[in-house]
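Engineer: Next come the chains, spelled out residue by residue.
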Amino acid sequence: MGNYVGKSMKRVEDPRFIQGQGKYVANLKIYGMTHAAIKRSPYPHAKINSINTAAAEALEGVIAVFTGKDLVEGGVNPIPCGFTPPDIKLPPHHALAIDRVRHVGDGVAVVIAETAYIAHDALDLIEVDYEPLPAVVDAKAAAQAGAPQVHDEVPNNVSFTWAIGDEAAVNAALAAADHVVELDLINQRLIPNAMEPRAAVAQWDSAMEQMTVWTSSQNPHTIRLLLSAFTLGIPEHKLRVISPDVGGGFGSKIFHYAEEVIVPWAARKIGRPVKWVATRSESHSTDAHGRDHVTHCKLGMSKDGIFQALHIENYANMGAYLSLFAPMIPTALYHTLMAGLYKTPVIYGVTYGTMTNTTPVDAYRGAGRPEASYVLERLIDIASRDLNMDPIELRRKNFIQPDEFPYQTPVALLYDSGNYDAVFDKAVEMADYSAMRAEQATARADGRLVGVGVSGCIEASGAGPSAVVVSLGAAIGLYESGAIRVHPTGKVTVLTGAHSHGQGHETSLAQIVGDELGIPVSDIEVIHGDTERLPYGVGTYASRSMAVGGGALVMSAQKIRDKITRIAAHQLEAAVEDMVYDRATGTVHVKGAPDKSKAFGEIAFAVTLANNLPAGMEPALEETSYFDPPNFTFPNSAHIAKVEVDKDSGEVTLLDYVAVDDVGNIINPLLVEGQIVGGVAQGVGQALWEHGAYDANGQLLSGTFMDYAMPRADGFPNIRVGRTVTPSPSNPLGVKGAGEMGTIAGTVTVVNAVMDALAPLGVRHLDMPLTAEKIKAAIAAANGGGN
Amino acid sequence: MKVSMTVNGKTYNRDVEPRMLLVHFLRDELGMTGTNIGCDTSQCGACTIHMNGMAVKSCTTLAVQADGATITTIEGLANGSELHPMQQAFWENHGLQCGYCTPGMIMAATKLVENNPNITEAEIRHGLEGNICRCTGYENIVRSVKAAAAQMGGGD
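Protein sequence lines correspond, in order, to chains C and X.
Those letters in the first sequence? Residues 773 to 1559, per the working numbering, in order.
Those letters in the second sequence? Residues 196 to 351, per the working numbering, in order.
By construction, these hints were calculated from the structure, which means they are not laboratory data.
Keep in mind that a hint or two might mislead.
[What the hints assert, rightly or not] Covered stretches of chain X (in silico footprint by chain C; criterion: 3 or more residues with CB under 8 Å from a CB of chain C, positions within the stretch not fixed):
(1) 201-212
(2) 236-247
(3) 257-270
(4) 304-310
(5) 314-326
(6) 333-345
[Stated by the list, open to error] With a cut-off of at most 20 Å between alpha-carbon atoms, the simulated SDA-like pairs for lysine to any residue come out as follows:
(7) C:Lys1115 / C:Pro1178
(8) X:Lys197 / C:Tyr889
(9) C:Lys1010 / C:Ser1053
(10) X:Lys341 / C:Gly1487
(11) C:Lys801 / X:Lys306
(12) X:Lys306 / C:Asp1486
(13) C:Lys1363 / C:Leu1381
(14) C:Lys1263 / C:Asn775
(15) C:Lys801 / X:Asp223
(16) C:Lys782 / X:Lys197
(17) X:Lys341 / C:Arg1484
(18) C:Lys782 / X:Lys341
(19) C:Lys779 / X:Trp286
(20) X:Lys341 / C:Ala1347
(21) C:Lys1363 / C:Thr1337
(22) C:Lys1419 / C:Arg1168
(23) X:Lys341 / C:Asp1486
(24) C:Lys795 / X:Thr236
(25) C:Lys782 / X:Ser276
(26) C:Lys1115 / C:Arg1168
(27) X:Lys306 / C:Arg1484
[Claimed, not checked] Calculated Cβ distances over 10 Å to all of chain X for the following chain C residues:
(28) Arg788
(29) Ile802
(30) Lys1331
(31) Gly1364
(32) Glu1445
This one's a predicted model, so the numbers in the text were calculated from it and none came from an experiment.
Cβ atoms here follow ideal geometry from the backbone N, Cα and C, with glycine treated the same way.
Using the sequences provided together with the hints, build the complete structure.
Structural biologist: What follows is the structure, given as structure tokens:
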């Protein structure tokens, strides 16, 4: 073990955050800066007859008002979609709507003013003549005959149909199965709600013809590429994108948003810096939402519970426009996970991606994988009840065994490693599962509704290799960059293409490099989030930073060690193969002669002098590497929850939660546990409280924090975390990624627990969120209707 | 309207619009951007500060209402280079991830503990209901507040 990796180091980035010195985009102030506010549609679907901006323009302090037409005439191109399966229908997505608005919150005009207060005042002076049109909200209803059409370019609102597997074989196996569990379920829409609302600032340097954009993004290089090659056409080498401290993302800050187009365009147009900061209400109607599936699924099995076939038919709501990676979520990141932890021999799945008059939907923590686990683990839960079998025993019967890895699933993925029984053993032990069941029996005898829920989930993270991902339809390679720059005094700057928006990379990546080179973490600074300072990078999502970004830094560190070793051998007049690089101390010595040694700092300075280097060696100690992983990694979990449902109010109380996860090797246990617990809380939020709700006409009902039930501190017991470790062979560190497992498992575990509590009443399934109101109604119905 | 207030030990005099929110006054007039804005309905608590000894959401207070007030923001909580025990506890216990809710969370938690030195876990969870965190699941926040309470109690 090294000096740092595997240790719970407290974070080096924290002092600035706990003292109010975070460098968020909204904190930027630039000389001459103006403020933007965006006029948004109150209608879900309407024709724009006219927009009158005269009164707004006349308001003192208003600099300019621009509409969608102004942007198009000013050379702005539509926002592209970066995942395009065959035959996809791609409707145009303009940064500001031109002749039709398609969701509540769709932008129609932007005001630029001297202050944010004036900009918002001016919004009320813009007159838009709307002609309301019928709207469609539901993913499945959108595809039915006669539904209102969202885009002329997308007949029947079906943008794409994506299928995997042999449907005939699955249907034959289901027909032959002893028992089939069949279920309709809804994975409801969520609003990601990173605590920092999105923000963008842009500054145009007319003399240098250079644009700088600060944006709250998880992937600044991708935004630079899209701004350059698609939306604005600013040459990439004249465009700098900076994502400084970003206050949470959870996927919602991956995508190229309209405001990232409007703000730099306007800054160049008016010749002054422009700042835009979303209000929370704006975030609710314009940040890409998550989930929103309507699914019909069937699991066939033998009478003793061996899974034989799985059939999934899914409608995925894309919203009004195709957000950057939206079509990838319910397809390549969803159906491919349907094997779960199990050896189901045949699986078929199809998803219809439909357009509706709602905010666009895209990746949200887990992105397709929570939806997949939800389908599978709900089916198995119901199966265990049908077969009168313990839900853990039923799962264990179907596990892929440790000696069967690498395991080729019937849905494309090749699992790298795992030991699912070991994960469950640990969870059963931590939860004291048999005692939990005994307590439940006692409670039930007393007439109380106590439930125990179990799930076993899998995730595919650290996606790669790029060739596979691109062949699936993604217009992005999924490697990562990592550079190490050793300064003359031996201090080190680490440059990573990964981006931290809460993950703590400034600490965890420094731990990796510290151990790889044998130097103190206090001598290392990790830089991220600035396209002008970094080699091209991909960014942070899908739990990829340690697996892929960490892998790139291990490669660079290896190159640095090799070079230091060659220099030391030269200076000590020894053979290179006789040298030993001691990673505990950062020294290189001659084998068997520890006193013949050179320290890391000595070599760093010697390189700067460049007077005594091996012949032909360049005088630099700086290396850049790009790691393109050979395969995904496959974190997996066993979570157990205990809940009680109040018989009278229907309210759910979470009594206990045990999360055991195998996320491979661990760099910093403190940070991994933080990721798991935070993820579980987000998963529980979906199970019990959260809903991005629209009414039937397309009006957003959960438009603010008043109406969207965010998880709060008093909603949770202590969440207990444990782990098993099966190193991943897919990257040099053996890590699997810890960012999403908690969310993936948290949702279905709690739903299974509540359904277990309600099982004595004969309730088979309720859709999320499991609010008191919904459960109270179900209890009343089970008791013969009425209240 | 003219306002005068003491913020982190220093007195400021400004002429502001009557509608200006205190949080905008702190951030835009005084340049103290440590106090974050997380919502527009007073739900999230990211903007919590201390005003005349009470934890207050500065997005729901007008700058003119703070005329004559004594205010502490996250920037003024530490004693010079010595962190407040609540700040230290959040650092030690990994009580933050993205850091955006953290200033408000620390300011709210500090008053909770000052008003109830022997605070229980249930009281911490209930007392922080008005502060939303999306990253941590609150577990380490609660742990941080407990640890700080032990320090702040300190026998006096």
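Engineer: Taking the hints in turn, state whether each one holds.
Structural biologist: Each hint tested on the structure:
1. Coverage of a stretch by a chain is defined here by at least three residues with a beta carbon nearer than 8 Å to that chain's beta carbons; for the segment 201-212 of chain X and chain C the count is 1, and the condition is violated.
2. For the segment 236-247 of chain X, the stated coverage by chain C holds: 4 residues have a C-beta nearer than 8 Å to a C-beta of that chain, and at least 3 were required.
3. Under the rule that three or more residues need a Cβ within less than 8 Å of chain C, the assignment of the segment 257-270 of chain X holds, with 3 such residues.
4. Check on the segment 304-310 of chain X: 0 of its residues sit with their Cβ under 8 Å from a Cβ of chain C, so the three-residue criterion for coverage is violated.
5. Proximity of the segment 314-326 of chain X to chain C, defined as three or more residues with a beta carbon under 8 Å from a beta carbon of that chain, is established by the 7 residues found.
6. Counting residues of the segment 333-345 of chain X whose beta carbon lies closer than 8 Å to any beta carbon of chain C gives 5, which reaches the threshold of three, so the coverage claim holds.
7. In summary, the hint linking Lys1115 of chain C to Pro1178 of chain C is supported, as the alpha carbons are separated by about 13 Å, within the 20 Å threshold.
8. A C-alpha spacing of about 18 Å is found between Lys197 of chain X and Tyr889 of chain C, which places the hinted pair at or below 20 Å, so the restraint holds.
9. For a cut-off of 20 Å, the pair hint linking Lys1010 of chain C to Ser1053 of chain C is broken: about 34 Å separates their Cα positions.
10. Restraint check: the Cα-Cα separation between Lys341 of chain X and Gly1487 of chain C comes to about 18 Å, which is no more than 20 Å; the hinted pair holds.
11. Restraint check for Lys801 of chain C and Lys306 of chain X: the C-alpha separation of about 31 Å exceeds 20 Å, so the hint is violated.
12. Among the hinted pairs, Lys306 of chain X with Asp1486 of chain C is consistent with the structure: their alpha-carbon atoms are about 18 Å apart, no more than 20 Å.
13. Annotation: proposed proximity of Lys1363 of chain C to Leu1381 of chain C is violated, straight-line Cα distance about 26 Å (limit 20 Å).
14. Simply put, Lys1263 of chain C and Asn775 of chain C have alpha-carbon atoms about 17 Å apart, close enough for the 20 Å limit, and the pair holds.
15. With a C-alpha separation of about 9 Å, the suggested pair Lys801 of chain C and Asp223 of chain X falls inside the 20 Å cut-off, and the hint holds.
16. Among the hinted pairs, Lys782 of chain C with Lys197 of chain X is inconsistent with the structure: their alpha-carbon atoms are about 45 Å apart, more than 20 Å.
17. Using a Cα cut-off of 20 Å, the hinted pair Lys341 of chain X and Arg1484 of chain C holds, with the two alpha carbons roughly 17 Å apart.
18. This hinted pair checks out: Lys782 of chain C and Lys341 of chain X have alpha carbons roughly 18 Å apart, not beyond 20 Å.
19. A threshold of 20 Å between alpha carbons decides the hint, and for Lys779 of chain C with Trp286 of chain X the separation of about 16 Å falls inside it, so the pair holds.
20. Only pairs whose Cα atoms come within 20 Å are accepted, and Lys341 of chain X paired with Ala1347 of chain C is rejected, the gap being roughly 58 Å.
21. Restraint check for Lys1363 of chain C and Thr1337 of chain C: the C-alpha separation of about 12 Å stays at or below 20 Å, so the hint holds.
22. Distance hint between Lys1419 of chain C and Arg1168 of chain C is unfulfilled; the C-alpha atoms sit about 33 Å from each other, more than 20 Å.
23. Under the criterion of a C-alpha separation no larger than 20 Å, the hint pairing Lys341 of chain X with Asp1486 of chain C is consistent with the structure, at around 15 Å.
24. Between Lys795 of chain C and Thr236 of chain X, the direct Cα distance comes to roughly 24 Å. Violation of the 20 Å bound is thereby established for this hinted pair.
25. Taking the CA atoms of Lys782 of chain C and Ser276 of chain X, the gap is near 19 Å; set against the 20 Å cutoff, the hint holds.
26. Among the hinted pairs, Lys1115 of chain C with Arg1168 of chain C is consistent with the structure: their alpha-carbon atoms are about 11 Å apart, no more than 20 Å.
27. Our distance criterion of 20 Å between C-alpha atoms is met by Lys306 of chain X and Arg1484 of chain C, whose separation comes to about 19 Å.
28. Some Cβ of chain X comes within 10 Å of the Cβ of Arg788 of chain C; the nearest lies about 8 Å off, and the non-interface call is violated.
29. Once the 10 Å rule is applied to beta carbons, Ile802 of chain C is consistent with being away from chain X; the minimum gap is 13 Å.
30. Consistency note on Lys1331 of chain C: stated as away from chain X, and its beta-carbon is indeed over 10 Å from all of that chain's, at 32 Å minimum.
31. Gly1364 of chain C, annotated as away from the interface, keeps every beta carbon of chain X farther than 10 Å; the closest lies near 44 Å.
32. The beta carbon of Glu1445 of chain C is not kept farther than 10 Å from every beta carbon of chain X, the shortest such distance being approximately 8 Å.
When each numbered hint is compared with the structure, violations occur for hints 1, 4, 9, 11, 13, 16, 20, 22, 24, 28 and 32.
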